[in-house]
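K.L.:
Spelled out from the first residue to the last, the chains are:
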Amino acid sequence: MRTVDDFTRPLEYLTPLDRYLGPIARNWAETQVFPFRREYDEDWEEHRLIEPAFKALMGELGFQRFFFPEDLGGFGMGHSDCTAVLAYRIVEEISRADSAFGVAFAVLHWPLLMICLEPHVNRRLCEEFAPMFCKTDEAVFAANAMTEPQGGSDIENLDLLKGSTIRTTATRDGDEWVISGHKLWPTNSGGAAKLFGVVCTTRPGSTDPDDFAFIYVPADLPGVTQGKPYQKAGMAADKNSDIWFEDVRVPVWYRAQGPGDDLKYFKEMVAWGNMATIGFVGGAMMNAFEILRDFSNEKTFRGKPLKENDDVAGVLADVATSIDVVRVLGYQMARMMDRTDLYGPGWSDEIVIKARAYKYFACDRAVEMLGKALDLMGPFGSDRALDIEKHWRDVKICQLWLGGKQLAQMEVARWWYDCETL
Amino acid sequence: MKYQDLFPVPTEWVGDADLSMAETLAAWGEREVKDGRLEHREDYEGLLEPAMRRLFVELGLGSMLLPEESGGGGCTEPGAAMTCAVALESVGSADTGLAFLLANTLAVQAALAVEPVGDEALSGAMAEVFCTDVPAVASLVLPAYGAGSVGRARFNGLDHQVSAEKNNGAWTLKGKDVRPQCSGATADLFAVTFAGDDGAPALALVGSTDKGLKVGRPFKKTGLAASVNADLDFDGVAVTAASVIPLGPGGMRELLSRYYSGCAAACMGALLAAYEIIREWGDTRVIKGKGQVFKENPLVASLMGEIGAAMATDRLLTYDLARLLSRPDLYGPPGSPAMFATATAVFKQVSRSGMRALDNVMELMASAGYATEWNLERYWRDVKTIEAYVVPDTAAKVDMARHYFDLETI
Chain Z
1 MRTVDDFTRP LEYLTPLDRY LGPIARNWAE TQVFPFRREY DEDWEEHRLI
51 EPAFKALMGE LGFQRFFFPE DLGGFGMGHS DCTAVLAYRI VEEISRADSA
101 FGVAFAVLHW PLLMICLEPH VNRRLCEEFA PMFCKTDEAV FAANAMTEPQ
151 GGSDIENLDL LKGSTIRTTA TRDGDEWVIS GHKLWPTNSG GAAKLFGVVC
201 TTRPGSTDPD DFAFIYVPAD LPGVTQGKPY QKAGMAADKN SDIWFEDVRV
251 PVWYRAQGPG DDLKYFKEMV AWGNMATIGF VGGAMMNAFE ILRDFSNEKT
301 FRGKPLKEND DVAGVLADVA TSIDVVRVLG YQMARMMDRT DLYGPGWSDE
351 IVIKARAYKY FACDRAVEML GKALDLMGPF GSDRALDIEK HWRDVKICQL
401 WLGGKQLAQM EVARWWYDCE TL
Chain E
1 MKYQDLFPVP TEWVGDADLS MAETLAAWGE REVKDGRLEH REDYEGLLEP
51 AMRRLFVELG LGSMLLPEES GGGGCTEPGA AMTCAVALES VGSADTGLAF
101 LLANTLAVQA ALAVEPVGDE ALSGAMAEVF CTDVPAVASL VLPAYGAGSV
151 GRARFNGLDH QVSAEKNNGA WTLKGKDVRP QCSGATADLF AVTFAGDDGA
201 PALALVGSTD KGLKVGRPFK KTGLAASVNA DLDFDGVAVT AASVIPLGPG
251 GMRELLSRYY SGCAAACMGA LLAAYEIIRE WGDTRVIKGK GQVFKENPLV
301 ASLMGEIGAA MATDRLLTYD LARLLSRPDL YGPPGSPAMF ATATAVFKQV
351 SRSGMRALDN VMELMASAGY ATEWNLERYW RDVKTIEAYV VPDTAAKVDM
401 ARHYFDLETI
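From first to last, the protein sequence lines are chains Z and E. Counting in my numbering, the first sequence runs from 1 upward without gaps. Counting in my numbering, the second sequence runs from 1 upward without gaps.
It is worth saying that the hints were derived from the structure and are not from the lab. There may be inaccurate statements among the hints.
What the hints assert, rightly or not - The calculated lysine-lysine pairs, modelled on DSSO-like cross-linking and capped at a C-alpha distance of 30 angstroms, are:
(1) Z:K228 x E:K220
(2) Z:K304 x E:K214
(3) E:K176 x Z:K304
Stated by the list, open to error - From the derived model, a few chain E residues whose C-beta atoms are all more than 12 angstroms from chain Z:
(4) G36
(5) G118
(6) L122
(7) C131
(8) V134
(9) K176
(10) F219
Beta carbons: idealized from backbone N, C-alpha and C, even for Gly.
The shape of chain Z in the complex, shown without the other chains:
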């Protein structure tokens, strides 16, 4: 019997750690999430069922220490040349159980990439924040505060707008930044995050890269207010809310990299977000394969197992093909992020655009494939007890973030066709 492990991965890209951390992540998913995930939709606000699983993965197994240097208690993956490939594997394993867990887990690391990844490690900030994540058994979340009420995906639309629409301001006052603004939708908000990476501007309306600022803001500072989580079509383990920053003061060295470099490495972070999203939908698709495999063995059509009908087999083939292709693509993107010596830095326009393009492609395949799977299962497809509908709801949400499909199309077209006015 075929399993999810039969879907292709470029083996020469794998790190030795894959054989250790991969099974640990899988075992966590199968014991901590699979048995409970059908109840998560009702737990979207309180996270009473969800939190223990996060604690086991992030705190007790220590996966939240992934990027911090070893001497600060981390796994030291920020200075490896196989970080992205390993991260992809872990995210895929988590998302096989529940892609919202994959998202919340990945996003806890997301703002930390700005300071933990070679070649732009900010040692002082690593030392500042490592204890928060590395010296505890509790799950600790971080979040990227990007989207604003007036702008939708404008923040991610860097090529066109260059940060000019950002209204969250960072004003220098002596040795402090004073942050003021209103953000929407960050993953791990709604009371979850202990640390925010806040996208702000030092000069509203400016298109100068030097005025784009990425500044860390601990969530417990005076002036930080997180709203109640939003209710959504899926993704219950991923809390989102409004966040208000009202004259929040942080040390001046809480700025991630400084003028110009904040924007440069923020682009790299966007590329990582797109790469990880391939893992979110890829993991969900792999579990959909397992569900369909069992369903098509058990149910009959025309008196035969479902899978033994030629027309059904055609659909099953489409499903398996999509999964295989998306998995190869995800690992390929991760490899390109890792081997900057071959493919260029992660903040280059080419890498950023290709990550966006692959995410766009993978999400479209996932949405299409999960829709087909649900249709194939008929009334059982929408039954929460069979889990396919959960993945169907979740991958649609994955498709729409990071600027959504239309922004992806514009950015891809700009790069490939030298569009100048879009």
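On the provided structure of chain Z, position chain E as indicated by the hints.
P.N.:
Positioned in the frame of chain Z, the structure of chain E alone reads:
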């Protein structure tokens, strides 16, 4: 905007009474359902009950296909198909789940009472269920995928979910983990297809309190919150011959064709609701930091064009199918293989293209599309649930091919 203005329907086919009903139902939807859509999520059964009572009982939709002399609405002529389409579209725009319950109920009533198959005695008896001051729902139990090695009689490749034995003119139904189309936990009547005399399709009417019928625990599902569904066990449920409609293949096709027509209309209602939501979004959002109104962006406009095209053509198809069913003198009997293929095609087309349109709307709205607050995502979940529930996609494709290409063995 008037009922037929933006996405036209062939108004010459829609009677004045139906147009008036559409206006009444639009007002009902605005007043009693749409205003409370978010609150419904918290207490769906409790908060929706008053709206459902008004719809099914006071406005009479819950019994509209039963004869007047029995207390029903008297829409027993073939033209009832158009009345159903108008009603279900309007209700679907307010709450697609409620429209799905009504589509089930009306499909059963059509099998009882709509000419030429009307069964006067049985429809009179069923008036006791539907013509009261309490909303009553009928749920279809249709052929489905089989399970394990149990060999059951089939219709078009799908297994009848119950087996039946006949003794002294009465039937005894047996079946385990039977999945009804809707409201397994709350329906008043189940209309169960099975292989009757000589293996021909038949429809048994089983009351929810009949001996031997066991209702399982309600299960959770993607959408259609108005339908509290649960699997059923038929543990030797006795059904008298008087409560069985010998459909035969033609009657079965007619039942399904009318059901597909109703479900297409319910989906169309959801699309019209989604149109209102994306219209407001497109008018009020700006993008690219330059104050460009969202809908005025060419890429957005091209997607909106696709959405509009789907709605316009889906609506025409929905009403065309209702018309075909309404005029057997012109288009042949509603249970003909040709009509069944067309009904299947229209339902699959409307639900699939509707899903694509809803996907596009959600993409345009991005996070607001999947946030409960904006109400779009509920229609997206509802239409997908209908698309999956009514007929498995693979079975529907072969149903169409069977007619269009003269299949002989499947």
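K.L.:
Now tell me, hint by hint, if it's right for this structure.
P.N.:
For each hint, the structure was consulted:
no.	hint	in the structure
1	Z:K228 x E:K220	holds, 25 angstroms
2	Z:K304 x E:K214	holds, 28 angstroms
3	E:K176 x Z:K304	holds, 19 angstroms
4	G36	holds, 16 angstroms
5	G118	holds, 29 angstroms
6	L122	holds, 27 angstroms
7	C131	holds, 30 angstroms
8	V134	holds, 27 angstroms
9	K176	holds, 14 angstroms
10	F219	violated, 6 angstroms
In summary, the structure is inconsistent with hint 10 from the numbered list given earlier, while agreeing with all the others.
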